[in-house]
Amino acid sequence: MSEPDASRPFIEAANATHPSLLDPTHKVDALFGVINIPNVVWIDETGTIVRPAEPGWPPGDFYPDFLREYLDARDIERETKAAEVEATNPELAAKLRGGQDRDSYADAIRDWVAHGVDSRFALTPDEVIAGSQDRPQDKSAGAAHFELANHLWSTDARDAAFEHFREAHRLQPENWTYKRQAWSLVGNEAAGGGEMGRFNQGPLPGQESEWPFAGDFPTEAGATPAGDYYPKTLQV
Amino acid sequence: MLVTSLNIDATEFHAGTGWEIKPEGACKGEVCVPLPDGFDLASTAERLGMAVVHDETVGMWAVGPESLNGRALVSATAPELVLDDADGNEFRLSSLHGKKVVLVAWAPY
Numbered sequence: 001m002s003e004p005d006a007s008r009p010f011i012e013a014a015n016a017t018h019p020s021l022l023d024p025t026h027k028v029d030a031l032f033g034v035i036n037i038p039n040v041v042w043i044d045e046t047g048t049i050v051r052p053a054e055p056g057w058p059p060g061d062f063y064p065d066f067l068r069e070y071l072d073a074r075d076i077e078r079e080t081k082a083a084e085v086e087a088t089n090p091e092l093a094a095k096l097r098g099g100q101d102r103d104s105y106a107d108a109i110r111d112w113v114a115h116g117v118d119s120r121f122a123l124t125p126d127e128v129i130a131g132s133q134d135r136p137q138d139k140s141a142g143a144a145h146f147e148l149a150n151h152l153w154s155t156d157a158r159d160a161a162f163e164h165f166r167e168a169h170r171l172q173p174e175n176w177t178y179k180r181q182a183w184s185l186v187g188n189e190a191a192g193g194g195e196m197g198r199f200n201q202g203p204l205p206g207q208e209s210e211w212p213f214a215g216d217f218p219t220e221a222g223a224t225p226a227g228d229y230y231p232k233t234l235q236v
Numbered sequence: 237m238l239v240t241s242l243n244i245d246a247t248e249f250h251a252g253t254g255w256e257i258k259p260e261g262a263c264k265g266e267v268c269v270p271l272p273d274g275f276d277l278a279s280t281a282e283r284l285g286m287a288v289v290h291d292e293t294v295g296m297w298a299v300g301p302e303s304l305n306g307r308a309l310v311s312a313t314a315p316e317l318v319l320d321d322a323d324g325n326e327f328r329l330s331s332l333h334g335k336k337v338v339l340v341a342w343a344p345y
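Taken in order, these protein sequences are the chains called A and B.
Numbered by this note's numbering, the letters in the first sequence go through residues 1 to 236 in order.
Numbered by this note's numbering, the letters in the second sequence go through residues 237 to 345 in order.
Just so you know, the hints here were simulated from the structure itself, not pulled from any lab data.
By construction, the Cβ of each residue, glycine as well, lies at the ideal position given by its N, Cα and C atoms.
There could be a bad hint or two in this list.
Derived lysine to aspartate or glutamate pairs resembling DMTMM-like cross-links, with alpha carbons at most 25 Å apart [to be verified]:
(1) B:Lys-335 to A:Asp-111
(2) A:Lys-27 to B:Asp-276
(3) B:Lys-336 to B:Glu-316
(4) A:Lys-232 to A:Glu-69
(5) A:Lys-27 to B:Asp-273
(6) B:Lys-336 to A:Asp-107
(7) B:Lys-335 to A:Glu-45
(8) A:Lys-27 to A:Glu-163
(9) A:Lys-27 to A:Asp-44
To list a few chain A residues with every Cβ distance to chain B over 10 Å, as calculated [unchecked claim]:
(10) Asn-15
(11) Ala-87
(12) Glu-91
(13) Asp-134
(14) Glu-210
(15) Thr-219
Sample of chain B residues facing chain A (criterion: CB under 10 Å; computed from the structure) [stated by the list, open to error]:
(16) Leu-238
(17) Thr-253
(18) Gly-274
(19) Val-294
(20) Gly-306
(21) Leu-309
(22) Asp-320
(23) Gly-324
(24) Phe-327
(25) Val-337
(26) Val-338
(27) Val-340
(28) Ala-341
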């Protein structure tokens, strides 16, 4: 959701002193190869990218109150489930634990701030380019379909928007932001809006036949190990 | 970039894609791709590996990002990024030149 009011509670909860910008047309996907959130790009004083888009987290959790309660409950549920999987299926547990390490990501940023180009986390231009997302021409087409889809949705041309969203998803299946944008727009409507409506990113029970997309968040995220959802690109 | 006509000029192309048309060709960062026949949207998009997708119902075209080298980045030089904050004030990434920048993409789904 790209309206200012959707972001404002988060910006206020973080008491952000840095610029907080809205990207309704997903410019960062096209320009930097962002495909999921959170994704982080490091840029040095000369305007040179030293780490391409990768999963990363700032230190601390800054959530508005309405979300904090929900997330706390979800964390307890996840921890309980993780403990069960650990005991019964260690192989699956290892897979679920994989991926970029949340807790140490900020330490890598601090190392770069302290050591600049000598930081072991700062990459060369060639490494940055090679480490950016894969983009054959069909992925460019996926981005074009996504832009049309967003525009058509904003003009209430729903069926045409769905067609372009579906093409964007088919051509860039690895791009979670393209999928979650579409899923949250439709899911929010089905849930009747409100503070939590946009977190509904799949069909409501009994409404599966009305869901206009091939996938949905609970199904796809549930089938994706952490190491695939947030691939490990950085060893702290 | 969304356009209602394929007949756009180099200035609009630069603003929409970040590729500047210079005497040596279409340029971004230190990368320049020669344009032997000069600039027009269709041939330039083709040279840069940009998909052009048409929607007949609204009479619009969308021009996708370049896919020149098979990677999302053709250069490590950060592209210009121009976005508004929540109060509608325009911000340019280039205004942070001289500082280290950590660009975090997040969403308030």
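Here's how the hints hold up against the structure:
1. Using a Cα cut-off of 25 Å, the hinted pair Lys-335 of chain B and Asp-111 of chain A holds, with the two alpha carbons roughly 15 Å apart.
2. Distance hint between Lys-27 of chain A and Asp-276 of chain B is fulfilled; the C-alpha atoms sit about 23 Å from each other, no more than 25 Å.
3. Of the supplied pair hints, the one linking Lys-336 of chain B and Glu-316 of chain B holds, its CA atoms being roughly 15 Å apart against a limit of 25 Å.
4. Straight-line distance between C-alpha atoms of Lys-232 of chain A and Glu-69 of chain A comes to about 29 Å, which puts the hinted pair past the 25 Å bound.
5. Taken as a hint, the Lys-27 of chain A and Asp-273 of chain B pair is broken in the structure, with Cα atoms around 29 Å apart against an allowance of 25 Å.
6. Taking the CA atoms of Lys-336 of chain B and Asp-107 of chain A, the gap is about 15 Å. The hint holds against a cut of 25 Å.
7. Distance restraint check for Lys-335 of chain B and Glu-45 of chain A: the Cα-Cα separation of roughly 5 Å lies within the 25 Å cut-off, and the hinted pair is therefore satisfied.
8. This hinted pair checks out: Lys-27 of chain A and Glu-163 of chain A have alpha carbons roughly 21 Å apart, not beyond 25 Å.
9. At most 25 Å may separate the alpha-carbon atoms for a hinted pair to count; Lys-27 of chain A and Asp-44 of chain A meet this at roughly 20 Å.
10. Consistency note on Asn-15 of chain A: stated as away from chain B, and its beta-carbon is indeed over 10 Å from all of that chain's, at 14 Å minimum.
11. Non-interface call for Ala-87 of chain A relative to chain B: holds, since the shortest CB-CB distance, roughly 32 Å, exceeds 10 Å.
12. No beta-carbon of chain B is positioned within 10 Å of the beta-carbon of Glu-91 of chain A; the least distance is around 31 Å.
13. For Asp-134 of chain A, the condition that its CB be more than 10 Å from all CB atoms of chain B is violated, with the nearest at approximately 7 Å.
14. Once the 10 Å rule is applied to beta carbons, Glu-210 of chain A is consistent with being away from chain B; the minimum gap is 20 Å.
15. Non-interface status of Thr-219 of chain A relative to chain B is upheld: no Cβ of that chain comes within 10 Å, the nearest being about 16 Å off.
16. Restraint check, Leu-238 of chain B versus chain A: the minimum CB separation of about 6 Å is within 10 Å; hint holds.
17. A hinted interface residue such as Thr-253 of chain B counts as satisfied when its beta carbon comes closer than 10 Å to some beta carbon of chain A; here the least separation is about 9 Å, so the hint holds.
18. The interface hint given for Gly-274 of chain B is broken, as the beta carbon of that residue sits about 22 Å from the closest beta carbon of chain A, more than 10 Å.
19. With a cut of 10 Å, the hint placing Val-294 of chain B at the interface with chain A holds, because the nearest CB-to-CB distance is about 7 Å.
20. Because the smallest distance between the Cβ of Gly-306 of chain B and any Cβ of chain A comes to about 6 Å, under 10 Å, the interface hint for this residue holds.
21. Among the interface hints, the one on Leu-309 of chain B holds; its C-beta lies about 4 Å from the nearest C-beta in chain A, closer than the 10 Å criterion.
22. Checking Asp-320 of chain B against chain A: minimum C-beta separation of about 6 Å stays under 10 Å; hint holds.
23. Taken as an interface hint, Gly-324 of chain B checks out: its beta carbon lies about 8 Å from the nearest beta carbon of chain A, inside 10 Å.
24. A distance limit of 10 Å between C-beta atoms decides the matter here; for Phe-327 of chain B the minimum to chain A is near 5 Å, and the interface restraint holds.
25. Given the 10 Å rule on beta carbons, the hint for Val-337 of chain B holds: about 4 Å separates it from the nearest Cβ of chain A.
26. Given hint, Val-338 of chain B at the interface with chain A, holds; its Cβ is 6 Å from that chain's nearest Cβ, closer than 10 Å.
27. With a cut of 10 Å, the hint placing Val-340 of chain B at the interface with chain A holds, because the nearest CB-to-CB distance is about 5 Å.
28. Of the supplied interface hints, the one on Ala-341 of chain B holds, with its beta-carbon coming within about 5 Å of a beta-carbon of chain A, less than 10 Å.
In summary, the structure is inconsistent with hints 4, 5, 13, 18 from the numbered list given earlier, while agreeing with the others.
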